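Just need the whole structure built from these sequences, with the hints factored in.
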Amino acid sequence: MSDTPTAATLILGARPYGEAPLDLLIKDGRIAALGEAARAQAEQLKAEQVTTVEAEGLIMLPGMVDLHTHLREPGREDAETVETGSRAAARGGFTAVHAMANSSPVADSAGVVEQVHRLGRASGWTEVYPVGAVTVGLAGERLAELGAMAESSAQVRMFSDDGMCVHNPVLMRRALEYVKTVDGFIAQHAQEPLLTEGAQMNEGDVSAVLGLPGWPAVAEESIIARDVLLAQHVGSRLHICHVSTAGSVEIIRWAKERGIDVTAEVTPHHLLLTDELVRGYDPVYKVNPPLRTGADVEALRAGLADGTIDVIGTDHAPHPTQAKECEWSAAAMGMTGLETALPVVIKTMINTGLMDWRRFAEVTSITPARIYRHAHQGRPLQPGEPANLILVDAEATQTVDPEGHASKGRNSPFRGMELPGAVRATFLHGHPVVLDGELNTPLSEASAGAAGSSQVRP
Amino acid sequence: MRHLLSTADLSHTQALSILDTAEEMAAVSTREVKKLPTLRGRTVVNLFFEDSTRTRISFEAAAKRLSADVMNFSAKGSSVSKGESLKDTVQTLEAIGADAIVMRHWASGAAAQLAGSGWTDCAVINAGDGTHEHPTQALLDALTLRRGWSAAHGEDPRGTDLTGMRVLIVGDILHSRVARSNIWLLRTLGAQVGLVAPATLLPVGVEKWPVSVYYSLDEALGSGPEAGPDAIMMLRVQAERMGGAYFPTAAEYTRRWGLTDERLARLAAHRGAAGQRPMILHPGPMNRGVEISAAAADSPMNQVLDQVSHGVSVRMAVLHLLLSSSERNTA
Amino acid sequence: MTRSPETSHVMSASDMDRALTRIAHEIVESHRGVEGLLLLGIPRRGTILARRLGERLARIDPGFDPSQAIGSLDITLYRDDLRAHGARTPEPTRIPGAGIDGATVVLVDDVLYSGRTVRAALDALQALGRPAVVRLAVLVDRGHRELPIRSDHVGKNLPTSRDERVSVLLDEVDGVARSQEAVVIQRGGGMKSQAGER
Numbered sequence: 001m002s003d004t005p006t007a008a009t010l011i012l013g014a015r016p017y018g019e020a021p022l023d024l025l026i027k028d029g030r031i032a033a034l035g036e037a038a039r040a041q042a043e044q045l046k047a048e049q050v051t052t053v054e055a056e057g058l059i060m061l062p063g064m065v066d067l068h069t070h071l072r073e074p075g076r077e078d079a080e081t082v083e084t085g086s087r088a089a090a091r092g093g094f095t096a097v098h099a100m101a102n103s104s105p106v107a108d109s110a111g112v113v114e115q116v117h118r119l120g121r122a123s124g125w126t127e128v129y130p131v132g133a134v135t136v137g138l139a140g141e142r143l144a145e146l147g148a149m150a151e152s153s154a155q156v157r158m159f160s161d162d163g164m165c166v167h168n169p170v171l172m173r174r175a176l177e178y179v180k181t182v183d184g185f186i187a188q189h190a191q192e193p194l195l196t197e198g199a200q201m202n203e204g205d206v207s208a209v210l211g212l213p214g215w216p217a218v219a220e221e222s223i224i225a226r227d228v229l230l231a232q233h234v235g236s237r238l239h240i241c242h243v244s245t246a247g248s249v250e251i252i253r254w255a256k257e258r259g260i261d262v263t264a265e266v267t268p269h270h271l272l273l274t275d276e277l278v279r280g281y282d283p284v285y286k287v288n289p290p291l292r293t294g295a296d297v298e299a300l301r302a303g304l305a306d307g308t309i310d311v312i313g314t315d316h317a318p319h320p321t322q323a324k325e326c327e328w329s330a331a332a333m334g335m336t337g338l339e340t341a342l343p344v345v346i347k348t349m350i351n352t353g354l355m356d357w358r359r360f361a362e363v364t365s366i367t368p369a370r371i372y373r374h375a376h377q378g379r380p381l382q383p384g385e386p387a388n389l390i391l392v393d394a395e396a397t398q399t400v401d402p403e404g405h406a407s408k409g410r411n412s413p414f415r416g417m418e419l420p421g422a423v424r425a426t427f428l429h430g431h432p433v434v435l436d437g438e439l440n441t442p443l444s445e446a447s448a449g450a451a452g453s454s455q456v457r458p
Numbered sequence: 001m002r003h004l005l006s007t008a009d010l011s012h013t014q015a016l017s018i019l020d021t022a023e024e025m026a027a028v029s030t031r032e033v034k035k036l037p038t039l040r041g042r043t044v045v046n047l048f049f050e051d052s053t054r055t056r057i058s059f060e061a062a063a064k065r066l067s068a069d070v071m072n073f074s075a076k077g078s079s080v081s082k083g084e085s086l087k088d089t090v091q092t093l094e095a096i097g098a099d100a101i102v103m104r105h106w107a108s109g110a111a112a113q114l115a116g117s118g119w120t121d122c123a124v125i126n127a128g129d130g131t132h133e134h135p136t137q138a139l140l141d142a143l144t145l146r147r148g149w150s151a152a153h154g155e156d157p158r159g160t161d162l163t164g165m166r167v168l169i170v171g172d173i174l175h176s177r178v179a180r181s182n183i184w185l186l187r188t189l190g191a192q193v194g195l196v197a198p199a200t201l202l203p204v205g206v207e208k209w210p211v212s213v214y215y216s217l218d219e220a221l222g223s224g225p226e227a228g229p230d231a232i233m234m235l236r237v238q239a240e241r242m243g244g245a246y247f248p249t250a251a252e253y254t255r256r257w258g259l260t261d262e263r264l265a266r267l268a269a270h271r272g273a274a275g276q277r278p279m280i281l282h283p284g285p286m287n288r289g290v291e292i293s294a295a296a297a298d299s300p301m302n303q304v305l306d307q308v309s310h311g312v313s314v315r316m317a318v319l320h321l322l323l324s325s326s327e328r329n330t331a
Numbered sequence: 001m002t003r004s005p006e007t008s009h010v011m012s013a014s015d016m017d018r019a020l021t022r023i024a025h026e027i028v029e030s031h032r033g034v035e036g037l038l039l040l041g042i043p044r045r046g047t048i049l050a051r052r053l054g055e056r057l058a059r060i061d062p063g064f065d066p067s068q069a070i071g072s073l074d075i076t077l078y079r080d081d082l083r084a085h086g087a088r089t090p091e092p093t094r095i096p097g098a099g100i101d102g103a104t105v106v107l108v109d110d111v112l113y114s115g116r117t118v119r120a121a122l123d124a125l126q127a128l129g130r131p132a133v134v135r136l137a138v139l140v141d142r143g144h145r146e147l148p149i150r151s152d153h154v155g156k157n158l159p160t161s162r163d164e165r166v167s168v169l170l171d172e173v174d175g176v177a178r179s180q181e182a183v184v185i186q187r188g189g190g191m192k193s194q195a196g197e198r
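These protein sequence lines map, in sequence, to chains A, B and C.
By the UniProt record's numbering, the letter at position 88 of the first sequence is numbered 88, and the numbering carries on one by one without gaps.
By the UniProt record's numbering, the letter at position 179 of the second sequence is numbered 179, and the numbering carries on one by one without gaps.
By the UniProt record's numbering, the letter at position 131 of the third sequence is numbered 131, and the numbering carries on one by one without gaps.
Fair warning: there could be bad hints in the mix.
With the C-beta cut set under 10 Å, the calculated list includes, among others, these residues of chain B facing chain C [claimed, not checked]:
1) Ser17
2) Glu24
3) Val28
4) Leu36
5) Arg158
6) Asp161
7) Met286
Some chain A residues near chain B, calculated using beta-carbon distances under 8 Å [stated by the list, open to error]:
8) Ala208
9) Gly211
10) Leu212
11) Gln322
12) Glu325
13) Ser329
14) Ala330
Everything labelled a hint here was simulated from the structure, so no lab data went into it.
Remember, it's a predicted structure, so these values are computed and weren't measured experimentally.
Just so it is clear, CB atoms sit at the ideal spot from N, CA and C, and this is done for glycine as well.
Right, here's the structure in full:
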C-alpha cells in the first residue's frame with residue numbers, strides 16, 4: 001500500500017478547525033478538492049483507487065510541526081532512534097519534527113545532520129529536520145560550521161545548543177549575526193549556567209522544603225532579556241526554546257512590542273504541571289527547564305493564548321528506564337512528549353476556553369512551519385496544498401499509558417492521567433501514516449522526497 | 001507509622017509517642033542490664049552512602065540494645081561506587097532478609113524514593129538525605145530540649161511538649177538537613193522557632209516558613225534578660241561554604257553569627273520564664289572558634305553530650321515503633 | 001451507660017472492692033506481714049489495681065508505706081507478640097525505694113489469660129534485679145493458659161470461651177464513674193484480643 005501513494009483518500013464529514021463539516025479529497029499527496037467537489041471528483045475515480053475515511057465529528061487540522069524534539073540518534077539508540085521517534089511523532093499528529101543537536105556525536109557538522117536527515121527520510125513516518133549545533137560539541141566556545149550544515153543535503157536553517165545555553169554574550173552575538181548569512185535562526189536554551197550550577201528543580205517554596213538546589217527563574221529571564229536585545233542590535237532572528245516562567249513571558253511581550261524579531265515556544269508539560277509534583281522525588285518530573293509554579297503555568301497559558309508565545313514545542317526527551325530509576329539528583333532531565341502533546345494542549349488551552357482550534361493550528365503547525373520557513377507544512381486546508389493533516393477526536397478521553405507508546409521512552413509525567421482528545425489519523429503528503437489511531441504504514445522514501453519538492457509521482 | 005522519612009510527616013501524637021518511648025529507652029540505658037529483647041530475630045541494615053561514623057554507631061547501638069541483628073553496608077568503596085543502582089543494592093538487602101533499612105544518602109529525597117519505590121518492604125528510616133532532612137537528629141534534639149524545658153517547669157517530661165519554648169537555630173539553614181527537620185518538629189511540638197543566618201544561607205521561600213528570620217544574631221538574642229531564647233542550636237559551618245562563596249571569611253562569620261565568649265556571657269545572663277538558663281545545642285562535630293567558641297563548647301549550658309546519649313534512646317524508640325508496627329510477616 | 005446486648009456484667013464495683021480487700025488480706029497472710037513487700041502493677045489497669053491494693057495493705061498494716069512499696073512494671077518491650085498486636089508507646093516503669101533485689105514482688109494485673117504478659121513481666125523483672133519471691137495477683141483469671149503460669153491471688157475465676165472478651169472498666173482508664181466500675185464479658189464480634197493480654 002505504501003508503494004502506491006497515487007491512491008486517493010476521501011475524508012467524509014471532518015470539521016476543519018472544528019468548524020462546519022466538509023468532505024475533502026486527497027490525491028497525489030495534495031488536497032485535491034473540498035466540499036461538494038471532493039465527492040464529485042472521487043466519483044470520477046475508480047472505486048478501488050479511493051479509500052474512504054468516515055470522519056464525522058472529527059476535527060481536521062494541519063499536521064503538527066514540532067520545533068523541539070530529541071531523537072537521540074546517533075549515540076543513544078537505547079533511548080530512542082529516528083525510527084521510533086518518528087513513529088511516536090506520527091501517532092502524536094506531527095508531520096514534521098526538528099531533531100535537536102545533542103546527539104553523540106553532536107550534530108555540529110554536515111556529516112551528522114545529513115545522517116539524521118537520511119534516517120528520517122528512510123523511516124517515512126514524519127518529516128525529520130535536523131537542528132544544527134551553534135557551537136562545536138555544544139561546548140559554547142567556538143561556532144560550528146553553520147554554513148556547511150545549511151548547504152548540506154539537510155539544508156539546516158535552525159541552530160541550537162539546546163540542553164546547553166549559548167551563554168557567552170559575544171559568541172551569541174556572533175551566532176545571531178552569522179545565521180543571517182544562511183537565512184537561519186538561533187533557538188536559545190535560556191539558562192545562565194553559573195546561576196544554575198547543580199540545579200535540580202525550580203527554586204522556590206518547594207525546593208526550600210525539599211532541600212534540592214534551586215534553578216531560579218532569573219537564570220532564564222536574564223538570558224532572554226540579553227538575547228532579545230542582542231537580536232535587536234544585530235537584526236537577526238531569535239527563537240526562545242521552552243519558556244517556563246511568568247517573567248520570561250513579560251520580557252518577550254516587551255520585546256515584541258518593540259518589534260524585535262523573536263519567537264517563543266512553550267512545552268505541553270509547562271502548561272500543565274507544577275513543581276508541587278517534585279515533592280515525592282519521582283525523577284519522572286525532573287526536566288530542564290524545571291516545572292515551575294502554578295502562577296507560571298497561568299502566565300504561560302495566557303501568553304500562548306494572546307500570541308506572546310508563538311508555538312508549542314514538545315521537548316520530547318526520552319530516556320532509558322535506569323536514567324530515571326535512581327536518586328533524583330542522579331536522574332536525567334527530560335520527559336517524553338510527542339504522544340501526549342495534543343491531549344495536553346486540548347486540556348490546558350481548548351477545554352479551558354483560552355483558545356480555539358484556529359489558534360491551536362497556529363501554535364502547533366502554522367507558526368512553527370513559518371518560523372522554519374517550510375513551504376509545505378502548516379499550510380491552509382485548501383485545494384492545491386500539500387496534504388499534511390490530521391484528524392482529531394476531541395471528545396475522546398484516554399488514560400496515558402507510556403507502555404503503549406511508540407517512543408522507546410517510558411518517562412511520561414502524564415502516566416495514569418486521563419487526558420482529552422486523540423489523534424485518529426495522520427496524513428503525511430497524503431499518505432495515512434496513522435489510521436484509526438494506530439500506526440498504518442510509512443511513506444516510501446521516493447515519494448517522500450518527491451512530495452517535499454512538490455513533484456508527486458503519478 | 002511505616003517509615004520515618006521527614007519530621008513534617010509526624011503528628012503531634014506520633015512525635016510525643018516517639019519521645020515518650022525514648023524516655024523509657026533512656027531509663028533502660030541506666031540499668032545494669034541495658035539490653036532489651038524487643039527486636040530479637042529482626043535485622044536492621046545500616047546502609048550508608050555517605051560517611052557518618054557518629055550516626056551509624058548511634059543506630060548500631062540502638063539496634064543492638066533492642067537485640068536486633070545489625071548489618072552495616074557502607075556504600076563507599078563497594079559495588080555501589082562502581083555503578084550499582086540503589087534499586088539493586090536495596091533488593092539485595094531485602095533478599096538477605098532485612099526488616100529495616102537505616103539509610104544515609106548524599107541525595108535529597110533518597111529515603112522517600114526508597115520508601116515509595118516498591119523495591120522493598122523494609123521499614124525505611126532516613127538517617128540524613130542530602131540537604132533535605134535528618135529526622136532522628138531533630139528527635140534527639142527535641143528530647144534534649146524537652147528534658148530541660150520540663151525540668152524547668154517541675155514536670156515529668158512524659159506527655160509534655162515544647163509549647164512556649166523559644167528556640168533559635170543559627171547558621172547554614174540553606175544546606176542543613178538538621179535545621180529542616182528541627183523546624184517542622186519544633187513547630188509541631190509548639191515551640192517558637194527563630195532562624196539566624198546570613199541571607200546567603202537562607203533558602204528562597206523561607207518567608208513562608210512558620211518561623212521568625214533574623215540576619216543578626218545580636219538582634220535575635222535580644223537585649224534584656226527576659227528577651228532571650230530558651231535554647232540556641234548552633235549549626236556546623238561546612239568548610240566549602242567559606243572562602244567567599246556564601247560569606248566573605250570565617251572570621252567575619254564568627255564575628256556576626258558565631259557564639260562568641262561575649263555572646264555566651266549575654267546568653268548566660270538570660271533567664272527563662274521559669275528562671276532557667278538557656279540550653280546550647282550543636283549537632284556535632286563542633287568547629288571550635290568558628291560557629292562556637294571554646295568556652296561555649298565547654299559551657300555547662302552546652303548539651304552536646306546529652307544529645308549523643310539521647311540519640312541512642314530516640315533511635316531505639318524509632319526502631320521499636322516502626323519494627324513492631326510493621327505488618328510484614330517474615331516467615 | 002448503654003451497652004450492646006451481648007455484654008454481660010460479671011463483677012460490679014462492690015464485687016471488685018471486696019475482691020481487692022480479700023486479696024490484700026491474702027497477701028499479708030501469705031507473706032506474714034508487709035516487710036519487704038513490693039507491689040508492681042502492669043500498666044495500665046494493673047498499675048491502678050496495685051495502687052488500690054496498696055491502700056488496703058496500708059489500712060491492714062500501717063507499716064506498709066505505699067510511696068516505698070508500690071511501683072509499675074511495663075512489659076511492652078519484653079513482649080513476644082508485638083508484630084501481631086502492633087507497637088505501643090511503653091508506659092513508665094517505676095521501681096520505688098531500694099529496688100527489687102531481695103524483695104517479695106507481687107505482680108498485679110487485671111486479667112490473666114494466656115500468661116504471655118506475665119512471662120514478659122518475669123523477663124522485665126530479671127533485667128531489673130533479683131527478687132527473693134515473685135507472686136501474681138489478678139482481678140480475674142479467665143483460663144486458657146498457653147504457658148505454665150498460675151496466679152497466687154485471684155479476685156474471681158471466670159470460665160470463658162476464647163471468642164469472648166473480658167474487660168475491666170476502671171475510672172482512671174475508661175472514664176466510668178467509680179460506682180459504675182465493672183468486669184464485663186462481651187460475646188461474639190470476632191474480638192480476639194483481650195484487654196489484659198494486649
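Hints and how they fare:
1. Interface restraint check: B:Ser17 against chain C, minimum CB-CB distance 4 Å, threshold 10 Å, status holds.
2. For the restraint placing B:Glu24 at the interface with chain C, the shortest Cβ-Cβ distance is roughly 4 Å, inside the 10 Å limit, so the hint holds.
3. Of the supplied interface hints, the one on B:Val28 holds, with its beta-carbon coming within about 7 Å of a beta-carbon of chain C, less than 10 Å.
4. Nearest Cβ of chain C to the Cβ of B:Leu36: about 5 Å, under the 10 Å cut. The hint holds.
5. With its C-beta approaching chain C no nearer than about 6 Å, B:Arg158 sits inside the 10 Å limit, and its interface hint holds.
6. Restraint check, B:Asp161 versus chain C: the minimum CB separation of about 14 Å is more than 10 Å; hint violated.
7. For B:Met286, the interface hint is violated, the least distance from its beta-carbon to any beta-carbon of chain C being 33 Å, above 10 Å.
8. Nearest Cβ of chain B to the Cβ of A:Ala208: about 4 Å, under the 8 Å cut. The hint holds.
9. A hinted interface residue such as A:Gly211 counts as satisfied when its beta carbon comes closer than 8 Å to some beta carbon of chain B; here the least separation is about 4 Å, so the hint holds.
10. Restraint check, A:Leu212 versus chain B: the minimum CB separation of about 5 Å is within 8 Å; hint holds.
11. With its C-beta approaching chain B no nearer than about 7 Å, A:Gln322 sits inside the 8 Å limit, and its interface hint holds.
12. Of the supplied interface hints, the one on A:Glu325 holds, with its beta-carbon coming within about 6 Å of a beta-carbon of chain B, less than 8 Å.
13. Here the hint on A:Ser329 is kept, as its CB sits about 5 Å from the closest CB of chain B, short of 8 Å.
14. At about 6 Å, the closest approach between the beta carbon of A:Ala330 and any beta carbon in chain B falls short of 8 Å, and the interface hint on this residue holds.
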